[in-house]
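Novice: Spelled out, the chains give:
2 protein chains.
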Amino acid sequence: MKRAEVLAAQEGARKALAKAGIVLTPEEAANIEVTDTGLNRLDKEGLELVTYINTERYCAKELVIFPGQTCPEHRHPPFEGNPGKQETFRCRHGLVWLYVEGEPAEHIQARVPEESKPYYTAFHEIVLRPGEQYTIPRNTLHWFQGGPEGAVVSEFSSASRDEFDVFTNPNIRRITAVED
Amino acid sequence: MKRAEVLAAQEGARKALAKAGIVLTPEEAANIEVTDTGLNRLDKEGLELVTYINTERYCAKELVIFPGQTCPEHRHPPFEGNPGKQETFRCRHGLVWLYVEGEPAEHIQARVPEESKPYYTAFHEIVLRPGEQYTIPRNTLHWFQGGPEGAVVSEFSSASRDEFDVFTNPNIRRITAVED
Numbered sequence: 379m380k381r382a383e384v385l386a387a388q389e390g391a392r393k394a395l396a397k398a399g400i401v402l403t404p405e406e407a408a409n410i411e412v413t414d415t416g417l418n419r420l421d422k423e424g425l426e427l428v429t430y431i432n433t434e435r436y437c438a439k440e441l442v443i444f445p446g447q448t449c450p451e452h453r454h455p456p457f458e459g460n461p462g463k464q465e466t467f468r469c470r471h472g473l474v475w476l477y478v479e480g481e482p483a484e485h486i487q488a489r490v491p492e493e494s495k496p497y498y499t500a501f502h503e504i505v506l507r508p509g510e511q512y513t514i515p516r517n518t519l520h521w522f523q524g525g526p527e528g529a530v531v532s533e534f535s536s537a538s539r540d541e542f543d544v545f546t547n548p549n550i551r552r553i554t555a556v557e558d
Numbered sequence: 379m380k381r382a383e384v385l386a387a388q389e390g391a392r393k394a395l396a397k398a399g400i401v402l403t404p405e406e407a408a409n410i411e412v413t414d415t416g417l418n419r420l421d422k423e424g425l426e427l428v429t430y431i432n433t434e435r436y437c438a439k440e441l442v443i444f445p446g447q448t449c450p451e452h453r454h455p456p457f458e459g460n461p462g463k464q465e466t467f468r469c470r471h472g473l474v475w476l477y478v479e480g481e482p483a484e485h486i487q488a489r490v491p492e493e494s495k496p497y498y499t500a501f502h503e504i505v506l507r508p509g510e511q512y513t514i515p516r517n518t519l520h521w522f523q524g525g526p527e528g529a530v531v532s533e534f535s536s537a538s539r540d541e542f543d544v545f546t547n548p549n550i551r552r553i554t555a556v557e558d
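Those sequence lines, one after another, are chains A and B.
Sequential numbering of the first sequence, starting at 379, is according to this note's numbering.
Sequential numbering of the second sequence, starting at 379, is according to this note's numbering.
Source of the hints: derived by calculation from the structure; they are not laboratory data.
Among the hints, erroneous ones may be present.
Copies of one chain are not kept apart here, so a pair can be met inside one copy or by any two copies together.
In silico DSSO-like links for lysine-lysine, alpha-carbon gap of 27 Å or less [claimed, not checked]:
hint	residue 1	residue 2
1	Lys397	Lys439
2	Lys393	Lys439
3	Lys397	Lys495
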């Protein structure tokens, strides 16, 4: 991913968070994490994050998902004696379509990214609007997409270790390389 | 505590949360927890809370503390194999003065509630403004007071079991009785 693209996504995320009424410190605002999961099509598959705290016991983040942007399907498996990350998504602004394992919707409202169709398999649909939340059990496949305005989502969870995430798409690399 | 007082505090908390840009579901808004810790002087010693999620692994709440209102000094001890609650306070709106065990401030900015002076012993001062946060180690004495405008504070933590909290003031009862 090009540095200019990262900077533009950070600026977009700052605007979305401000619109949601969320205040960041200058240091947090300057260091918003942008990941394209190594697929190099950030506008289609990627995510913007601010991690407030991540201890061995709990974690809290803000997630920004742009309109039509998708966080690819993944699960949080057990690691180092931890049973796997359990997480609660609470929508703060906008609308997010969340898909988890379970009874599939007849017609899902999100659009599966064209280039990655085979790697989306969970179609139980949950729609989250501001104030609504959903808890994803540990080790459960899930993915989500920003609605027409995108969304800001607070994530409350047990300890987060992104490097252990298992993505359905084998081409994905969670740690993003940035080029000048 | 009288029911009318609870209703007034809930209304005050709804306004404070709305001012902070935080959206609640109608059910959450109707059920904001109000505790006077059994001291029957809610405006001086008490707290308003919304618990979003509380599992065996993690917990997330919004706290509302009115101007000059104090959450009395307490700690979260070990319980049932849990080492004791660790918690992160993140100020979302207003200003909160937080006091924890450690090097005491020469002059603290909060005013210790007159009726309860002997029961406040931790005076290491932390001032939290919007976007600022502090993590309180498990089993550590702490108390906090709302600044001139009060404050809305997000609390991210390990599992919360309020019934095990140990307050410095032996007259405190965490579970509040409401009379008509």
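Novice: Decide, hint by hint, whether the structure agrees.
Specialist: Status of the hints after comparison with the structure:
no.	hint	result
1	Lys397 to Lys439	both (17 Å within a copy, 21 Å between copies)
2	Lys393 to Lys439	both (17 Å within a copy, 25 Å between copies)
3	Lys397 to Lys495	neither (32 Å within a copy, 42 Å between copies)
Of the hints listed earlier, the one the structure fails to meet is number 3.
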